[in-house]
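**Student:** Per our numbering, the sequence shown starts with residue 348, numbered consecutively.
The hints are simulated quantities; they were obtained by calculation from the structure and are not laboratory data.
Every residue, glycine too, gets a C-beta built ideally from N, C-alpha and C.
You may find that some hints are simply not true.
[To be verified] Only pairs whose alpha carbons sit at most 27 Å apart, straight line, appear in this in silico DSSO-like list of lysine-lysine:
1. 450 / 428
2. 428 / 464
3. 459 / 436
4. 460 / 450
5. 451 / 428
6. 464 / 451
7. 451 / 436
8. 535 / 460
9. 436 / 464
10. 436 / 450
[Stated by the list, open to error] Label-pair distances were calculated between CB atoms; the ranges are:
11. 542 / 444: 12 to 22 Å
12. 459 / 416: 17 to 27 Å
13. 416 / 546: 17 to 27 Å
14. 538 / 478: 36 to 46 Å
15. 491 / 451: 28 to 38 Å
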Amino acid sequence: MSFGAVGILHGLHRKCGKVCSRFALSVRSLRHPPEKNFDKPSIATEKSFCNSKGVRILCFAEKEVFAVNTAYDGLLHELQKQGAYLLNKAQTEQLVNIVLQPKKGGGHEVNKKWVGKDAARILETIGVHVPDTCRLAICEVPADHPFVLVEQMMPVLPIVRCQSFEQAVEDAVVAEHGNRHTASIFSKDVDHMTRFARVIETTIYVKNSATKAGVGIGGEGHCTMTIAGPTGEGITCAKSFCRRRCMLAEGGLRII
348 MSFGAVGILH GLHRKCGKVC SRFALSVRSL RHPPEKNFDK PSIATEKSFC NSKGVRILCF
408 AEKEVFAVNT AYDGLLHELQ KQGAYLLNKA QTEQLVNIVL QPKKGGGHEV NKKWVGKDAA
468 RILETIGVHV PDTCRLAICE VPADHPFVLV EQMMPVLPIV RCQSFEQAVE DAVVAEHGNR
528 HTASIFSKDV DHMTRFARVI ETTIYVKNSA TKAGVGIGGE GHCTMTIAGP TGEGITCAKS
588 FCRRRCMLAE GGLRII
């Protein structure tokens, strides 16, 4: 992934850098775990936005989602209500062979031809025709799937079903690759939010909101499109050149 943000859906919803683990994070951007006790319409809206035009190519916006079993079906339903197209298994593997390519030494890497392209254009390559208003393609995959482990910067969101919050956290951390970039969690359980934050240890950590909130867009902090710019401003500042750890968004828990 390039390596961006991570998230948890009170389960975990990952962003990617590789990955944005929203239960998302990595040199991709995000990793995310979701669980049953969270606002499904809210996360569906945030996920759709973060994969929409102009946003998907930013490192903090790309994600994978790790959803606990109790939240999984409801999340898929809400994402489809937001206009996402659910790929079947065959379509998912077809797409892998188009938007990803073999990497020297093994594994996959992104096919740069498709970076930043609209969902409708990407889906056309596998014979799927959707309205231009379709902002996102979603697919059900295992935690070791290439879409989870490779940074795409495309409107294709892999979702992993996890049997427990613990499994979601574990899978999200693996997918984050230790990049410590960005993570997010959608949950109302303070203990779960705290635990994930301590394990994932990302520079940006957002709860119950899109990871854009962690870079000053609808949240606190300096607005910046990168961890640190040439001047040191943004997530860092010229005074100390230290990164501020933030946990923010809606709800009762707020830690800076």
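**Student:** So, for every hint listed, does it hold in this structure?
**Tutor:** Each hint tested on the structure:
1. 450 / 428: violated (36 Å)
2. 428 / 464: holds (22 Å)
3. 459 / 436: holds (23 Å)
4. 460 / 450: Answer holds: residue 460 to residue 450 is near 15 Å, not above 27 Å.
5. 451 / 428: violated (39 Å)
6. 464 / 451: Holds - the C-alpha atoms of residue 451 and residue 464 are around 24 Å apart, at most 27 Å.
7. 451 / 436: Between residue 451 and residue 436 the Cα gap is close to 26 Å, so the pair holds against 27 Å.
8. 535 / 460: With a Cα-Cα distance of about 40 Å, the restraint between residue 535 and residue 460 is violated, given a limit of 27 Å.
9. 436 / 464: Roughly 22 Å separates the two Cα atoms, so the pair holds.
10. 436 / 450: Answer holds: residue 436 to residue 450 is near 23 Å, not above 27 Å.
11. 542 / 444: 12 to 22 Å: violated (37 Å)
12. 459 / 416: 17 to 27 Å: Violated, at about 36 Å.
13. 416 / 546: 17 to 27 Å: Hint holds: Cβ distance 20 Å, inside 17 to 27 Å.
14. 538 / 478: 36 to 46 Å: Because 42 Å falls inside the window, the suggested range holds.
15. 491 / 451: 28 to 38 Å: Violated - the Cβ-Cβ distance for residue 491 and residue 451, about 20 Å, lies outside 28 to 38 Å.
Violated hints, listed in ascending order, are 1, 5, 8, 11, 12 and 15; each of the other numbered hints is respected by the structure.
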